[in-house]
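Asker: In order, the protein sequence lines correspond to chains A and B. Read left to right, the first sequence gives residues 1 to 198 (the numbering used here). Read left to right, the second sequence gives residues 1 to 368 (the numbering used here).
Hints in this document: simulated from the structure, not taken from any laboratory. Be aware that one or more of the hints could be misleading.
Stated by the list, open to error - A short, non-exhaustive set of chain A residues, derived as facing chain B with CB atoms under 7 Å:
hint: 1; residue: Cys-13
hint: 2; residue: Val-39
hint: 3; residue: Thr-40
hint: 4; residue: Pro-62
hint: 5; residue: Ile-88
hint: 6; residue: Gly-100
hint: 7; residue: Leu-143
To be verified - For lysine-lysine, the following PhoX-like pairs were computed, each having C-alpha atoms within a straight-line distance of at most 25 Å:
hint: 8; chain 1: B; residue 1: Lys-213; chain 2: A; residue 2: Lys-137
hint: 9; chain 1: A; residue 1: Lys-158; chain 2: A; residue 2: Lys-137
hint: 10; chain 1: A; residue 1: Lys-136; chain 2: A; residue 2: Lys-158
hint: 11; chain 1: A; residue 1: Lys-137; chain 2: A; residue 2: Lys-5
hint: 12; chain 1: A; residue 1: Lys-5; chain 2: A; residue 2: Lys-174
hint: 13; chain 1: A; residue 1: Lys-84; chain 2: A; residue 2: Lys-147
hint: 14; chain 1: B; residue 1: Lys-78; chain 2: B; residue 2: Lys-213
hint: 15; chain 1: A; residue 1: Lys-42; chain 2: A; residue 2: Lys-136
hint: 16; chain 1: A; residue 1: Lys-24; chain 2: B; residue 2: Lys-226
hint: 17; chain 1: A; residue 1: Lys-158; chain 2: A; residue 2: Lys-42
hint: 18; chain 1: B; residue 1: Lys-213; chain 2: A; residue 2: Lys-115
hint: 19; chain 1: A; residue 1: Lys-42; chain 2: B; residue 2: Lys-78
Predicted, not measured: the structure shown is a model, and the values here were computed from it. Where a beta carbon is used, it is the ideal one built from N, C-alpha and C, also for glycine.
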Amino acid sequence: MARMKFYCDAERCIECNACVTACKNEHEVPWGVNRRRVVTIKDGEPGERSLSVACMHCSDAPCAAVCPVDCFYTTDDGVVLHDKDICIGCGYCFYACPFGAPQFPSDAAFASRGKMDKCTFCAGGPEDDHSSAEYKKYGRNRLAEGKLPLCAEMCSTKALLAGDANMVSDIYRKRIVNRGASVMNWGVSYDNAKLRTR
Amino acid sequence: MIKFVVSRQLRLLPGLLSVFLVLLFISLPQPGIADEHQKVEGISNKNPGADLWRNVRQRDQELLGSLKSNSQGSSQVKSVDSKMLINQQGDLWARFRMEQLIKYGMMSLGGILILILVFYLLRGRVNIDGGLSGNMVHRFNSYERVLHWVLALVFLFLAITGLTLLFGRTLLIPVMGHELFSVIASSSKEGHNLFGPIFLVSVVLMLIRFVKKNIYAKGDLTWLLKGGGMIGKSHVTGGFFNMGEKSWYWLVILIGLLISISGLILVSPNFGQGRVIMELSHVVHAAGALILIAVSFGHMYLGTVGTEGTNESMRTGYVDISWAEAHHDRWAKECHEKQLIVSAEQYAKLQGRNPINSEDSLSLEKNQ
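Here chain B stands alone, though its shape is the one from the complex (with noise of 0.2 Å):
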């Protein structure tokens, strides 16, 4: 028993020896305070040249500094940025783009394919229960296929150049060298700046087209809780556009927008902005992007070897009933009702007369 106190004690002995270390360090006088009143007399200590590389350094400037002109110093050439002796963030932009953005868009682009590719491994094409009918419904028509096509041929031109200024440094050059990487990176920035504005185009129109449609709507949260269908076997209900549809023509539109803004102003560096403005804006246009690339490859599965029945509706404007109950049960009804139906052997003559010049089935029904 008197042991295990003593040991106790003892144990304790280097915490307390500390606390009066401590309060001996503090009742000890300071020198500094001392020394105070006889500085005062002697000259100042203060060091000129850190002043000078202070100033230098303009390390006053806020990180949008580059717009205000009080901050910066002056000077006879005239351009832009040329009033700044030391450019504050070009090391944080570039450290980004090199450590962050190529690593973390590699990684995910390869991820993503990855995981398309174990999806489609483990569960396969997702077939319509029952098979498809081969009665169809009108559902784009061709100003809407050609918007589509236009939209997504000019995104994949902008990503395929976008993705070779990206990785081709790491990707490229190893394999094919300086040389003839230098003449198609050269081309790809060129036709990247030439086709950029098509896609704003494109993007706009798409907004107009398709906003009524996309309004999110009863139901959608429903979709999302059910992950699409593609948890369990259970029934997903859907609109014209089910939630996956709508939500992935609001990245379009939205991040589309982004980029489009942002590659306009690094498109153009007529209008003075400065580097501040154009490292945040390739921030901006090379992240979206990577998203919505990363995204558009789940659109490409599921529109072509994803599920069954899905690309006729951007080759003919036309889908099978059955695949319109299974992933839009509720625009289903609706087409039922209005009787919009067109039988296999109605679809196949109209194909062979006049395939994409159909503004509506009903006209067609009234033809017949």
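Okay, chain A solo, but in the shape it has when bound (with noise of 0.2 Å):
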């Protein structure tokens, strides 16, 4: 079996934010809720860097380990779904996540929260693949489909990688070497390149 992974490279991701607007479009993401976005560090000044960011469907996922009615699962190929027919919306899976995944419709007074969402790797949820209730609740299932997430498929500079972790890391490490890493050269420097060929 697979084990799926999302990598985005920094080097290559230009904050187009188009992965944030297919994926809202591919899933009919409610109002308020984006399960990816686009981060951008150290805007304008040296050393900016963008990065797309959304679950990361960990081995050990925090939100499993803390949610109180415990309606999370990891399927065969590693992607971390959840079962909104189980959820309260307590919101402690926001708390605990690393890269603030989990995302809540807030439709009640207060702002009270809805039962949560999250990106689900294209891979929809408990329900029948392709039934209209999967999709309704979680979006379209790519996966089922033989497809990749959506979000990665159209990166228009293959900033953002999704698949079988060996083949992300395969396609990560021959750009890395292409790059021009060496021990001289640590990193990922177009400017250094030349020192490789000198």
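Join the two chains, each given in its own frame, into one complex according to the hints.
Answerer: This is the structure in structure tokens:
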């Protein structure tokens, strides 16, 4: 079985936010909920980098550990999903998550939380694949269609990688080699790539 | 004699050898210092990747860094903490809840219950010396009693729903399964949120109504030193409220207000408070509530089976004068002086006619 992973290449992400938009459109995510977001660090300063972040589908997920109703489960592909029929919208997963992935639609008084919504790695939920109930609650199940998450599929610079962990790391390793990483020149600087050929 | 000296020297040998080796090591030329001059000409071996990931982790943030926008990144997605890439405190909070709060919460609540049971089995009900007299004295009017029971019932409801959310996964899911527990937990959450503000109002009304009678007075320290009469057989002194009741009152007021404020922060996420504030509020809310619940077990025990004649005060508003003399001697003396004592016959008549409507037993005396 595959072990599904996201990886965002900080050297390639151009903060176009297309992944955010594509995700919202594909899954018809409600207002106020963003399953994916792009965060720019050092905006406008030297060393500015952007990263697209969503649920990272942790092996030992803190959200699952802290959930008072135990609504999380991990699929055979290593995707962390949750059951919205069980979820009570307490918000504990949001407090525990390192990436701020769990989101809550606020539709009642005092913005009280509805049922949690988060990135599903385009793998739907516990309902039958391609059922309308699944689509309504969790969005499209692209994994069951044999497709990878849309955010990564349509990323224009291929900064966002999604798929089997081994494939993702193979692709990223090749990039690192081509960028001229060496003992002399750690990291991924294009400026110093010429050092390698000297 | 000689043999002894030799063996002593031999024993010192390893120590001397190690000192020698340390001295040798220090005197050797340091390779790092010599190489520094050659490295100046070469390329900087600073790792840009390390800098990137240091920024990603936003390690320079303080505990309440989420409040300061300058230490964060930026994002087009405008929601709570969306500018923060890594939530530093989440793991700390999650581990506190799962490994400490649940474990020690269960242990302390269970421990208090066992302690009370052991005390009851050893000491039994604390009876009034010489039994109850049958002559009563007015203690709480109807407003005070209704206030007490509103606060008590809301507190019990909040405690049960709160403990369901805290311990349910450990205790209830194995018994009833995920689906049924989800329904119970969901209604617990909604009920808890709904009744929480009523608790705050009751606590504030309690503060206003009883604050004068609960200021610590002379003699309260003696009560504490004698363990409230639990230690030994000697008599303890007390006013309208004794030291134990005053302490329970202040615990309810202070922790009650703390729980209410942290609860309001948790219940309304529409003010944009970040995760750190929510996590801290949760810690205060849960720890405070567990302390209050644990002590409330003691209060409930003493109010029902623990002591003779106590529950009357919150049922009818009257207490036996012997009970007052035993637990609140200074107040009982006052009652004697002001002639507020109602005889058994009067009390029976009063109950039949107008059980809860008498504001003051004085007016009753005048009517007679």
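Asker: Now look at each hint and say whether the structure bears it out.
Answerer: To see whether the hints hold, each was checked on the structure:
Restraint check, Cys-13 (chain A) versus chain B: the minimum CB separation of about 12 Å is more than 7 Å; hint violated. Against a cut-off of 7 Å between C-beta atoms, the interface hint on Val-39 (chain A) holds, since the closest Cβ of chain B lies about 4 Å away. A distance limit of 7 Å between C-beta atoms decides the matter here; for Thr-40 (chain A) the minimum to chain B is near 5 Å, and the interface restraint holds. Given hint, Pro-62 (chain A) at the interface with chain B, holds; its Cβ is 5 Å from that chain's nearest Cβ, closer than 7 Å.
Nearest Cβ of chain B to the Cβ of Ile-88 (chain A): about 4 Å, under the 7 Å cut. The hint holds. The closest approach between the C-beta of Gly-100 (chain A) and any C-beta of chain B is roughly 5 Å, which is under the 7 Å cut-off, so the hint is satisfied. A least Cβ separation of about 24 Å between Leu-143 (chain A) and chain B goes past the 7 Å threshold, and the interface hint is therefore violated. For a cut-off of 25 Å, the pair hint linking Lys-213 (chain B) to Lys-137 (chain A) is broken: about 56 Å separates their Cα positions.
A C-alpha spacing of about 29 Å is found between Lys-158 (chain A) and Lys-137 (chain A), which places the hinted pair above 25 Å, so the restraint is violated. The straight-line distance between the Cα atoms of Lys-136 (chain A) and Lys-158 (chain A) is roughly 29 Å, outside the 25 Å bound, and the hint therefore fails. A threshold of 25 Å between alpha carbons decides the hint, and for Lys-137 (chain A) with Lys-5 (chain A) the separation of about 23 Å falls inside it, so the pair holds. For a cut-off of 25 Å, the pair hint linking Lys-5 (chain A) to Lys-174 (chain A) stands: about 17 Å separates their Cα positions.
Annotation: proposed proximity of Lys-84 (chain A) to Lys-147 (chain A) holds, straight-line Cα distance about 23 Å (limit 25 Å). Restraint check for Lys-78 (chain B) and Lys-213 (chain B): not satisfied, since their Cα atoms lie roughly 51 Å apart, outside the 25 Å limit. Simply put, Lys-42 (chain A) and Lys-136 (chain A) have alpha-carbon atoms about 38 Å apart, too far for the 25 Å limit, and the pair is violated. For the proposed pair Lys-24 (chain A) and Lys-226 (chain B), the alpha carbon gap of about 68 Å is over 25 Å, so the pair is violated.
Taking the CA atoms of Lys-158 (chain A) and Lys-42 (chain A), the gap is about 22 Å. The hint holds against a cut of 25 Å. For the proposed pair Lys-213 (chain B) and Lys-115 (chain A), the alpha carbon gap of about 47 Å is over 25 Å, so the pair is violated. Distance restraint check for Lys-42 (chain A) and Lys-78 (chain B): the Cα-Cα separation of roughly 18 Å lies within the 25 Å cut-off, and the hinted pair is therefore satisfied.
Violation of the numbered hints given earlier is confined to hints 1, 7, 8, 9, 10, 14, 15, 16, 18; the remaining hints are satisfied by the structure.
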